[in-house]
Amino acid sequence: MQMEAIIKEQAQRPPLYLDCIHCGLCLSSCPTYRVLGSEMDSPRGRIYLMRAFDEGRAKITDSFVEHMFRCLDCRACETACPSGVHFGHMMEEMRGTIVEERPAPWIARIVLKHVFPYPWRFHLASRMLQLYRASGIQSFVRSSGLLHRLAPRMARAEALMPDIEFERGVTLDTHYRAEGRKQGTVAFFTGCVMNSMMGPINRASVRLLTAAGFDVMVPGEQICCGALANHAGLRDTAKGMARTNIAAFPVQKLDAIIINAAGCGAMLKEYPLLMEGAAEFSSKVKDITEFLASTRIFERLKNPLDQRVGYDDPCHLIHGQGIKSEPRKLLKAIPGIQFVEIEGADQCCGSAGIYNITQNELSMEILDRKMEKIQKAEIDVLATGNPGCIFQFRYGAKKFGMKLEVVHPVELLARSLGDSNEHH
Amino acid sequence: MNKEVIGKLRRILPSAAVVEDETELLVYECDGLPLFKNRPDLVVFPRTTEQVAQVVRLANEYRIPFLPRGAGTGLSGGALAVEGGIVIELQRMNRILSIDIENRIAVVQPGVVNLHISQAAAPYGLYYAPDPSSQMSCSIGGNVAENSGGPHCLKYGMTTNHILAIEMVTARGEIIRLGNPAGEPIGLDLVGVIVGSEGTFGIVTEITVRLLPKPQAVKTLLAAFHSVEECSQTVSDVIAAGIVPSALEFVDAKTIEAVEASVYKAGYPLDAVAALLIEVDGFREGLEETSNAIVEICRRNRAYDVRVAKDDEERAKLWLGRKGAFGAMGRLAPDMITMDAVIPRTRLPEVLVAIDRMSERYGLGVANVFHAGDGNLHPLILFDSRYQDQVEKIFGMSEEIMKLCVDVGGSLSGEHGIGYEKKDFMDLVFTEADLNTMMRVKQVFNPDGLLNPAKIFPSRRGCTEIGKHTTTSTAEIGKKVEAILLGSPQKVQH
Numbered sequence: 276m277q278m279e280a281i282i283k284e285q286a287q288r289p290p291l292y293l294d295c296i297h298c299g300l301c302l303s304s305c306p307t308y309r310v311l312g313s314e315m316d317s318p319r320g321r322i323y324l325m326r327a328f329d330e331g332r333a334k335i336t337d338s339f340v341e342h343m344f345r346c347l348d349c350r351a352c353e354t355a356c357p358s359g360v361h362f363g364h365m366m367e368e369m370r371g372t373i374v375e376e377r378p379a380p381w382i383a384r385i386v387l388k389h390v391f392p393y394p395w396r397f398h399l400a401s402r403m404l405q406l407y408r409a410s411g412i413q414s415f416v417r418s419s420g421l422l423h424r425l426a427p428r429m430a431r432a433e434a435l436m437p438d439i440e441f442e443r444g445v446t447l448d449t450h451y452r453a454e455g456r457k458q459g460t461v462a463f464f465t466g467c468v469m470n471s472m473m474g475p476i477n478r479a480s481v482r483l484l485t486a487a488g489f490d491v492m493v494p495g496e497q498i499c500c501g502a503l504a505n506h507a508g509l510r511d512t513a514k515g516m517a518r519t520n521i522a523a524f525p526v527q528k529l530d531a532i533i534i535n536a537a538g539c540g541a542m543l544k545e546y547p548l549l550m551e552g553a554a555e556f557s558s559k560v561k562d563i564t565e566f567l568a569s570t571r572i573f574e575r576l577k578n579p580l581d582q583r584v585g586y587d588d589p590c591h592l593i594h595g596q597g598i599k600s601e602p603r604k605l606l607k608a609i610p611g612i613q614f615v616e617i618e619g620a621d622q623c624c625g626s627a628g629i630y631n632i633t634q635n636e637l638s639m640e641i642l643d644r645k646m647e648k649i650q651k652a653e654i655d656v657l658a659t660g661n662p663g664c665i666f667q668f669r670y671g672a673k674k675f676g677m678k679l680e681v682v683h684p685v686e687l688l689a690r691s692l693g694d695s696n697e698h699h
Numbered sequence: 002m003n004k005e006v007i008g009k010l011r012r013i014l015p016s017a018a019v020v021e022d023e024t025e026l027l028v029y030e031c032d033g034l035p036l037f038k039n040r041p042d043l044v045v046f047p048r049t050t051e052q053v054a055q056v057v058r059l060a061n062e063y064r065i066p067f068l069p070r071g072a073g074t075g076l077s078g079g080a081l082a083v084e085g086g087i088v089i090e091l092q093r094m095n096r097i098l099s100i101d102i103e104n105r106i107a108v109v110q111p112g113v114v115n116l117h118i119s120q121a122a123a124p125y126g127l128y129y130a131p132d133p134s135s136q137m138s139c140s141i142g143g144n145v146a147e148n149s150g151g152p153h154c155l156k157y158g159m160t161t162n163h164i165l166a167i168e169m170v171t172a173r174g175e176i177i178r179l180g181n182p183a184g185e186p187i188g189l190d191l192v193g194v195i196v197g198s199e200g201t202f203g204i205v206t207e208i209t210v211r212l213l214p215k216p217q218a219v220k221t222l223l224a225a226f227h228s229v230e231e232c233s234q235t236v237s238d239v240i241a242a243g244i245v246p247s248a249l250e251f252v253d254a255k256t257i258e259a260v261e262a263s264v265y266k267a268g269y270p271l272d273a274v275a276a277l278l279i280e281v282d283g284f285r286e287g288l289e290e291t292s293n294a295i296v297e298i299c300r301r302n303r304a305y306d307v308r309v310a311k312d313d314e315e316r317a318k319l320w321l322g323r324k325g326a327f328g329a330m331g332r333l334a335p336d337m338i339t340m341d342a343v344i345p346r347t348r349l350p351e352v353l354v355a356i357d358r359m360s361e362r363y364g365l366g367v368a369n370v371f372h373a374g375d376g377n378l379h380p381l382i383l384f385d386s387r388y389q390d391q392v393e394k395i396f397g398m399s400e401e402i403m404k405l406c407v408d409v410g411g412s413l414s415g416e417h418g419i420g421y422e423k424k425d426f427m428d429l430v431f432t433e434a435d436l437n438t439m440m441r442v443k444q445v446f447n448p449d450g451l452l453n454p455a456k457i458f459p460s461r462r463g464c465t466e467i468g469k470h471t472t473t474s475t476a477e478i479g480k481k482v483e484a485i486l487l488g489s490p491q492k493v494q495h
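Protein chains in written order, with my numbering: chain X, 276 to 699; chain H, 2 to 495.
No lab work stands behind these hints: they were computed from the structure. On a predicted model such as this, the values are computed, not experimentally measured, just so you know. Among the clues, some could well be false.
Straight line, CA to CA, 20 Å or less: simulated PhoX-like cross-link-like pairs of lysine-lysine [unchecked claim]: (1) Lys334/X with Lys38/H; (2) Lys599/X with Lys318/H; (3) Lys604/X with Lys577/X; (4) Lys311/H with Lys215/H; (5) Lys266/H with Lys599/X.
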């Protein structure tokens with residue numbers, strides 16, 4: 276297990292930043308460097324600052340904090356790095372140190388510490404969002420320009436608010452039966468955002484898993500994976516969440532633990548970097564596309580879809596988990612589909628968890644560049660496997676006035692399933 | 002830095018494009034050669050030629066040293082702010098302004114990434130030939146400054162052969178245009194003087210590059226050997242057979258170990274002592290025969306494994322491995338320096354053996370990965386900069402390698418430039434008269450010495466405490482050169 280090896284090495288080994296030989300091959304892979312062209316907003320520059328801090332040559336100043344939190348944590352630099360620098364892990368630790376010394380912005384802190392870890396609070400917050408939208412207050416607020424006058428940053432965050440389908444996701448503590456001959460048993464990690472705001476995606480996921488011949492259990496004690504807290508440097512909050520989740524899954528009875536949100540998947544796979552005793556749990560975690568690509572689901576993709584479909588790699592899938600070919604392979608297997616490769620599909624869309632709220636201007640510039648490339652591809656549907664990215668692209672489509680459906684790959688796969696046998 | 006200067010800069014540029022914060026300046030204290038560090042006083046991010054010119058004029062007004070910087074991937078300290086001052090960072094001038102398909106030229110800004118030019122030209126079947134290993138990150142402006150090479154320069158020539166015209170801000174802040182986009186230069190060929198002047202003659206703000214049609218066919222071979230001698234002999238034999246490979250690259254066992262452990266894993270043979278990456282391109286007709294002839298030469302020199310890449314995907318992999326090799330050294334040691342000496346091809350085996358012995362004597366690891374076809378060595382010396390004794394050994398060993406290469410009839414640098422790193426070794430290859438002539442040319446372009454000072458030429462001692470590795474002989478030459486420079490009537494002291 277590679278992760279275990281890293282941990283063991285860490286105990287005796289010199290600091291991780293020594294892996295960086297300052298060659299700069301990471302530079303043009305970095306979304307913030309591509310926009311800003313400044314060394315301190317590049318992976319190499321950030322590592323340089325981390326090292327300088329460790330060696331007592333730099334202090335945690337305002338600008339130091341700014342550059343560390345301006346990183347999208349997309350980890351494209353890891354894919355570019357010939358020396359295998361563990362950038363994401365280093366960044367999370369650095370942020371942890373920063374947060375110990377300086378508290379995170381209060382709003383993010385409250386949400387991350389007091390809402391995400393508690394499913395019912397998250398649901399409540401989501402419902403309030405729904406109410407806000409449904410009540411018509413939203414259109415009043417948007418059209419009045421009130422927000423823009425009062426608080427430009429709040430206004431931009433509000434504009435990003437997704438058109439959410441508040442349909443029921445999968446129910447906790449449920450056991451879904453395999454269709455046909457049973458191939459095994461998997462557990463489903465619902466994810467907080469997915470299950471509250473994007474229910475249909477979770478339902479489609481479970482449907483595909485059962486169609487592929489797997490029993491699907493949904494452990495009731497699971498909570499948020501902790502990725503957002505971890506990225507924000509709230510290491511202890513994230514550790515607590517990891518502990519709860521590991522306890523919630525009967526790992527030994529499972530063939531796999533399935534997750535359909537790339538950001539959560541990367542986090543679940545990296546629990547061993549956060550704490551001890553997580554290796555077995557993490558070794559079972561599979562992204563839904565990673566898992567499905569090794570099953571007999573291909574035989575079940577019968578209904579043709581006559582559309583031009585593009586795929587955008589979520590950073591935490593391609594860079595965080597090294598998964599690139601599986602989702603493409605699945606989508607291409609749908610009869611009638613015209614699969615279009617989008618230029619720069621492996622580059623970040625600027626969503627990055629809550630980055631589009633905390634670093635709105637930069638996020639929007641990154642998104643604009645992305646949308647131009649998507650426009651060029653002339654597609655009807657864009658598939659991507661992470662909730663943050665889905666929201667970001669839906670906003671981007673709206674902003675650019677494009678007629679573009681943004682979905683999770685499993686939604687297209689589920690539409691193509693023959694002999695429908697809906698689970699509701 | 003003078004508040005008045007900062008205030009005036011903020012009138013030329015947006016406030017955020019003038020960086021004075023100490024933390025932010027820290028990352029600009031070195032380029033791709035972190036062995037030498039010195040923090041600049043300011044970094045500015047212009048977006049237009051006019052802004053560059055205004056910054057330069059202001060620096061002249063206040064007698065502040067200044068220098069251009071691209072992606073900071075240079076390996077000779079060319080973007081090191083030796084005397085502090087203002088770093089003019091050109092990475093926000095990164096637009097491809099036009100691609101003229103019929104005339105096969107592209108006009109680009111200096112911050113454009115080398116590889117992005119080829120990517121933009123690809124739909125038209127064209128590409129930009131010089132391909133330094135850092136091409137996925139390095140800027141074309143930096144390439145122009147250093148006259149960068151790359152594996153394929155063996156057949157296609159260095160950067161200077163591909164630059165048709167430039168727009169440049171002079172050291173005193175005038176905007177001039179040199180060269181002729183249509184090809185043959187009118188009047189003096191000054192573009193050739195600027196390319197390779199390492200950012201000491203002017204700041205290039207727009208570049209017209211030549212694009213080439215992609216070759217009709219390409220063949221890439223990988224040959225593995227059990228000995229360095231046999232591998233080196235193959236290099237000589239291929240060239241002697243009259244074959245003109247587009248690239249002929251040498252990788253040793255250490256390099257293979259690092260690359261094969263990385264994301265750029267290329268399938269290099271792990272049991273080889275040395276391997277060659279050989280490429281031929283051109284018309285489809287006859288290429289197979291050339292490729293077969295190379296295979297035959299490899300076999301004759303006891304290559305135990307020779308394979309020809311079967312498709313573009315395999316070719317790309319073989320090249321990515323080669324290009325990621327420098328960066329992969331982080332797996333073997335926390336720091337390295339990349340030597341850049343050039344030697345006659347026939348002397349390869351003995352020089353490599355000598356370097357190997359030095360490596361043992363100094364107790365510092367060395368990996369070899371280089372352009373064997375033109376004898377451009379890149380011994381990568383591995384060390385850990387946290388230990389002062391290793392840093393001192395590095396200076397000793399690099400000096401010894403350079404002297405060795407010069408002794409066998411070679412030179413100091415193939416493509417990385419002299420910069421700050423090798424300036425005190427210039428007297429190993431040039432006479433006083435040679436240096437004097439070069440310095441006089443520099444005086445024409447950089448009369449006040451404010452633009453990128455303390456580069457290329459052995460210079461005044463003590464301008465920075467980091468130049469500890471000078472020998473007596475270079476110091477003496479340095480003083481003589483200094484005397485010439487200071488004695489010159491045009492020289493204005495600052």
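Going down the list of hints, with the structure as the test:
1. Lys334/X with Lys38/H: Measuring from Cα to Cα gives roughly 18 Å; hence the hint holds.
2. Lys599/X with Lys318/H: holds, 17 Å
3. Lys604/X with Lys577/X: The hint holds at about 15 Å.
4. Lys311/H with Lys215/H: holds, 19 Å
5. Lys266/H with Lys599/X: Satisfied, since the Cα-Cα distance of roughly 17 Å is no more than 20 Å.
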